[in-house]
Every structure is written in C-alpha cells, then in structure tokens.
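**Q** Each chain is listed here by its residues.
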Amino acid sequence: MQSLILRTATRLVVALMLIFSLFLLWRGHNLPGGGFIGSLVAATAFALYSMADGPAAVRRALRIDPRLIAVIGLMTALIAGLWAALAGVPFLTGLWNKIPLGEGAELPLGTPLLFDIGVYLTVLGGVLSLLLALEESEVDDDRLD
Amino acid sequence: MGEAATTANPAAPGADAPASAAWRLLAVVPLAALIGFVSLLPAITAGETLSVGWAWVPGLDVRLSFYVDGLSLLFALLISGIGFFIFLYAGSYLGRHPRFGRFSIYLLAFMGSMLGLVLADNIITLFVFWELTTLTSYLLIGFDHTQAKARRNALQALLVTGIGGLALLAGLILMAIVGGSFELSQLIAQGDAIREHALHLPILILVLAGAFTKSAQFPFHFWLPNAMAAPTPVSAYLHSATMVKAGVYLLARMHPALGDSDWWTWTLLIAGAVTAVWASLLAIRQSDLKLMLAYTTLMALGTLVMFLGAENYYAIAAAVTFILVHSFYKAALFMVVGIIDHEAGTREIDRLGGLRGALPITFAAALAAAFSMAGFPPFLGFIGKELKYEGALAISEAPIFMTTAAVTANALMVAVALVVVIRPFLGTRPDLPKVPHEAPVAMWLGPVVLAACGIIFGVAPGAIGNALVDPTVEAILYSPQNIELKLWHGINLPLALSVVTVTLGAFFFVMRRRLIRWTGAWLDFVRITGDAAYDRAVAAMMAFAAWQTDLLQGGRQRIYLATTLITFIVLVGGTLIAFGGVAMPAAWPSAPLPVWGIAALIVAGALATTQMRSRIGALAAVGSAGTGVALLFLAFGAPDVAMTQFMIETLSVVIAALILPRLPAMAGRGHPGRHGRLRDAAIAVACGTVVTLLVIAVTAGPFDRSLTGFFEIASVPDAFGRNIVNVILVDFRAIDTFGEIAVVAIAGLASVALIRQTMTSRRDR
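Just so you know, the protein sequences line up as chains A and B, in that order. Going by numbering that gives the first Met the number 0, the final residue of the first sequence carries number 144, and the count climbs one at a time with no gaps. Going by numbering that gives the first Met the number 0, the final residue of the second sequence carries number 764, and the count climbs one at a time with no gaps.
If you are wondering where the hints come from, they were derived from the structure by calculation, not from laboratory data. All of these numbers come straight from a predicted model, not from anything done at the bench. Keep in mind that a hint or two might mislead.
[Stated by the list, open to error] Derived, one-sided and incomplete: chain A residues facing chain B with beta-carbon distance under 10 Å:
(1) R26
(2) D52
(3) G53
(4) A55
(5) P65
(6) V70
(7) G80
(8) A84
(9) G109
(10) V122
(11) L127
[Claimed, not checked] Cβ pair distances, simulated, as ranges:
(12) F90(A) <-> L24(B): 36 to 46 Å
(13) A86(A) <-> R678(B): 54 to 64 Å
(14) A8(A) <-> L662(B): 39 to 49 Å
(15) A84(A) <-> F400(B): 58 to 68 Å
(16) I576(B) <-> I63(A): 20 to 30 Å
(17) L165(B) <-> I18(A): 46 to 56 Å
(18) F90(A) <-> S478(B): 42 to 52 Å
Every residue gets a Cβ at the ideal spot worked out from N, C-alpha and C, and that includes glycine.
Chain A with its partners taken away, still in its complex shape (with noise of 0.2 Å):
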C-alpha cells in the first residue's frame, strides 16, 4: 500500500501518537494512563507507520529488534523488583526518592515508575515482534505469488 496522503499523514500521526504514548506512561501513576495503555498505543502507531511505508522502515525507525526491546523490558521490570530485594524489602516492594525542586516542590520517583517502563517496552515488544513477523511474511507471500 503506496498512498502519497497516507504517509505523508502518518509522519505527524506517528510522532504524535508515540510522544502521547509516553505521555500517558508518565502520568499514569496518578492520572489514567500507565505502561500497558501507553505501550499499546505505541504499537498502534508503528501499526500505522508500518501499513503507510512497511516493515521495514518500522525495523529502520526501532534501530532494535522488538524481540530484543520485549526482553529488555522484562529485565527493566525485573530490575524494578530486585532493587528492592538489595534494600532488604520483598521482591517488588515500591522504593521511593523525593527529588526536592526548590519551593517546596518534590519530584517522587520510584521503582513502581522504573517498573512500569519495563511493562511499556514488554509489551511494545511483544506485540511488534508479531505484528512486524505476519506483515513480513505477508511481503514474503506477495513475492511469491
């Protein structure tokens, strides 16, 4: 599918969709959003970018395998959860850092955000590496027939 329109769109769709993608991972804590929904609607942009210019060019944008980016987020996960197996707390348990910036304003950061990350490249990967896997074997089809 070679559409002028249709790719031209998706560049700005695209951009828009991922950095709304990380929007919501950030917010998530509080606000709805968080790791599943953001990665989710990461895939459908590079659902999108990959049906305007191909697989391929979804592979070339990633600069990763998504195989590779999916077990990347689970050590970023597991790492979340052995954090707090180092500090001495169960597996998992939540460790928070106020960053204080200036007039009584903090920045809580914490593993939970750290672990969330993890669940966002899992699953982005997870559903890339199926996705990219049928629309290339789709390509592989079209040649030969």
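Mind docking chain B on chain A? Use the hints.
**A** Below, chain B without anything else, positioned relative to chain A:
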C-alpha cells in the same frame, strides 16, 4: 548384556581430549571433602552433633540446614572417600573420552548432591538433594546417549525413583505437620507422637515408597540391574556404594521417628528378606560379571533394609557394619570388573580365565575384596556376618525366618565371591579379545586401598567400632550405645551358622550350572518381572497422552475453542448450580437511556457477527461489539479500562486483517456444516447463559467494598499514586503484572518463531 560391555568401553579410537588432564585434577575435591569430614570425627565420636543452617524460604519453614551426627558422617566419609578413588579411576578409565569433561561435572554434581542428602537437616533440603541425586544419576546412566538402551534405562531409573521421590515429599510434609517441625533433628525426637497419630500409616507408606524405589527393594528392584548401562565408575560409585544406599540412609534416619511399629517392622523384614534372597538367586545366574555384582548389590540393600526393620542393637549394628563392609568390597570389585573389561575386552565369565599372571595387583585386590564379601575371617566381612546372625537371632518377631533368609543369601554371596575371584583369575587363559596388561596405578589404587580397609578394620575392628559404628547406631536407635566389634566371639550359634554358610556357599559354587538350570525352570514359571510391568505402564501412559491430545488438541481452532468453552461452561455453570449461586436481584437496576443504546449496539454487533458471510465483515461486527463494551466502561467511570479496550480493539483488527487473507475460504474445506454450526451455536448459547447468570448472581448480592476501600485509602500514602488501577498494576499486585508481561514477551517470541517456521515450510513446498 554383551553390547553394554562394549558401550562401557571408553576411548573411541582417535578420541583426543587435551583438557582431560585438567579434569582429572577434580579428584582433589573429594579428597578435600574427605579430609574435612575426618576432622569432624573426634567430635562425633565424643557424642556431639553439629548443625548449621540458613534461612531459605522463611515463610514456609524451609531452611538450608545441615546436621552432622554419626549416621550422616558415616555416609559422608564413604561418599567422599570412595568418591576420591572413583575420580582417580575414571580419569584413567574414561580420560580419553571426548566428553570426559562433561562426565566429570556430572560426577562432581552427583557427589555434591549425595553429600547434601545425607547431611540435610531440613526436610525440604533433604528432598531437593534427593531429587538432585536422581537427576545426576539419570545423566550418568544415560552418558552413552547414542545407545537406545542407555537412554531407556536412564529414563526408567529416573521415573521409578522420581515417582518415589514425590511420595517421599508428601510423606515428609505430613510428618512435619504431625511432628510440628521441618527439621529432621527435631522430628526424630517426636517418635511417640508420630507413631500414635492417625496419619502414621500414610506417612509410613509414603516414606517407604521413597526409600524402596531409591534403594531398589522388591518389587521396584528392576531398575538397578538396568542402570548398569552406565560406565563402570558410575556403577561402582552410584549404583553400589552411595546413591542406592540413600533409601537405606533414609530408613536409618527415620528409624527413631517411624520405627518400632508393627507395620514398619514387618514391611521392612519381609521386603528386605525377599529382595535379598531373590537377588542373590539371580546373581548366581548371571554370566556378565558386572550384572552379577549388580544383583549382589540388590542383595546387600535387601539385607540392610531387613535389619533396619529390627529394634535390637545387634541388628542395627549389623546393618551399620554391613554398610561399611559392603561399600569397601563392592566398590573395589566393581572397579576390578572395570579393569578386567578394560584389559581383557570382555566381562563374560565363560570367556575369562587365568588373568592372575597378567594382572597380579588387581588379582590381590579382587581376592581380598571377595573374601570380605564371602565373610571369611579375618576380614571385616566376617565381623559383619557374625553380627548379622546375632542380629537375626535377636529379632523377636521371626528369628527363624530372618536367620534362614540371612544364611541363604550369605551362602549365595559366598558362591558369587568364589565365582568373581576364581573364574576370571585362575585356570588357564583362553583366547581373549585383547592382550591383558596390569592396569595403571590410578585404576588399581582404589580397589587395593578399599580391599585393604576390609582387612585392616577386620583385624583391628575397635578403631572404627568406637569412632564410627557406635555414634551411628546411637543416631539410629536414638539412645547411647556401646558395641564391641571383635573377630572372635567364642564358639556360639553365629559361628556355627558361619560354618554352615561357607559349606553351603562352596556347594552352590560347585553346583552353579545345575543351580542355574533348576532355578531357570522355576523362574520361567514364576515370571515376576517388574521390568515388563514398567514397560506396560509407560506404554499405557503414552497411549493415554496420545488419546487425550487427539481429543482436546485436534489442531483445529474450532476444537480448541470448543474445549476451552465447554470446560468453562461445566466448571463455572456447574459450580453456580451446585452451590445454589443462581440468584435473581430483588429489583432490576435502572439505567439511563444512552446505556441501553450501547447495550443494543453490543447485541447487534454480536448477532451480526454470526450471520456474516465474509471474515472481514465478521471482524468489523465483532469490533463494533467490542467498541460498545469500551463505551460501557467509559459510561461507568473506568477510563483506563475503556482506553485499554479501545487500543486492544484497534490492534486486534490490524492483526486479524493481516491473518485473514491467509485462511482458507469460509465456505471451503474444514467448514463445520449444518450440524457443526448447530453444535457451535449450542456451545455459544450455553456459554452466554452461564456468563449472564454469573453476572446476575454477582450483582444480586451487596457489593463488597472492602478491597476498593483499602485501595482508596492506601493508594496515596503507601504508593504515592492517585490512579488506583495503575497503582494496583505496578505496586500492590506488581508480581501478577510481572508474570503477565513475561507471558506477553514469551508469546511474542513464540509467535515469531511459529510464523517464520510456517513461512519456511511454505517456501520449501
């Protein structure tokens, strides 16, 4: 057994393993362990016990804890001491094998597991090491994995001892519940409480199932002779001196907790006596030296089990002494047989003879070991045999039966000992497959030292009597003991029985061929072959697996879905009906008009799906139903869930659109037809009904807000988050999420593999 004789033959020509010298250095590990355990001996002799432990899973009372008393030290010394000689021996025997490194690692792993088993205090620790010995034994029996026979026999040993291991785990846990502790050192002090408890018999059956399978007691004896498919150093170490004695160790360890009951005594006496006599009859019938020794190991295990059934201290002392005696002579004889095999190229008794000139040192070791086995004075075996007779006579339950069994088995042992030493070494040397030369030092050192132990401790039995046998008997009987081991007891009944044994043994030796003929006819008549039963059980299991796979996983999506949904209908619907869960709400809740509209959209989407003629149409209809569900979530204030649902709907359509073109046409091959569609409709309606009833039943009762309330209160102070859904996902229930994303990752990886594989196979076509 002829082919096994060649499989055990190491070093395929041209095999070249430069790293083997480094692997041989591993022999220092058992040596260091031996020195360490010897240094513990004075404390144990003085009556102390040592223990050490670390928390493992504190919530479940599981500790990595170890306990050293006489019994565990006796086994630890045997494992590390014999282990040292086996490592030396294996370095020569298999040193040029291309996979010698792997072999050494297996052997070392086995040694560690076995030491862990006999030193474990916590029952879970004991079980873990117990299973590890099973696994390493599997790897070692199947070491020659190109041989179908080695693989089959390894699997047999794994299954038989593995099933016993599971029974043991159940028995140990029941025992921990009854005795109120997970530590063996505490449990063995609870003997009276355990014996009087209602669960005593189940515990006993389960623990005995573990011990009997591991120590190859009748009727589970068949796996041990088959395990001789392993290389000879393995047979010498695992399947005679150490691993098969794990069951004996367990019985000895459990003696204070489970012993002294009628069930215990009679089961052990009868199973042990039957195993001992049966195995010694089979031993004399073998023509392969290694198999002959394997059956005598069974006889020894049976004897040990029989004596552990008793309560009197002579019987227990006989068992303890015999553990030592047997380990010394049997490991030595196995290594001797390995040398004969290595040097002469065969283990068949009828093809061997006259090796004494070519293998003088091996002959000396074989002679000393065989005499200890036969129980001639002044060897340790003689002391062991006298103690056995004294113990058998003191078994008040059945002295005559026990003594008869012991004398018969021992007489056959005398005959086997004579066969092992006379047939290969004396007489004239026939044409052999190889020209024999004396084995290298590393190979004869073990047999010589172990056989020498049989003489030294026979002449000076006091040395081990006080240091090792007393503390062990104390540990088994759980009370202080003082046994005096001595060669000369005066003229008494045991001595007379010894004379009878030797005479009878010599008679059996002379009459060996006739004995084989007589027992052959009798054995054909009896036909007790656990091996055949095992084959039938495995075949039945495989047939069942094939049948249920065909039924439930026919390879068609329709069948998988039907299986899943029917299971759901039966389980959930059945539970609802069985527990009277079908309830109607008192008043039907009202809903605003837009909600009714959404509901109508969902119903219309679902109905349209079933009527569509094309897949794309069906997909779109399902999508509209899913969108309706998402709108419902939004209407009831769950934006997170709604958003997820929208994204999932979108991605499902994308993925389905990629898959659909590859499926065969809907009306084509594999279409269910009219009956099939009716059946599918019935399943769908049943499933929908069950879900509807479930939802009505759930909403009929008052809504339990306790969990919601907890999360509302705890979310911000405990987890610093106001989005409860996300806080639950990443904090309160993070381990669930972790499991789920692991599934996502694995599913992603697996689907790539599947898709690529289908692609390749299509391209190949």
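**Q** Of the hints given before, which are not true for this structure?
**A** 2, 3, 4, 8, 14 and 16
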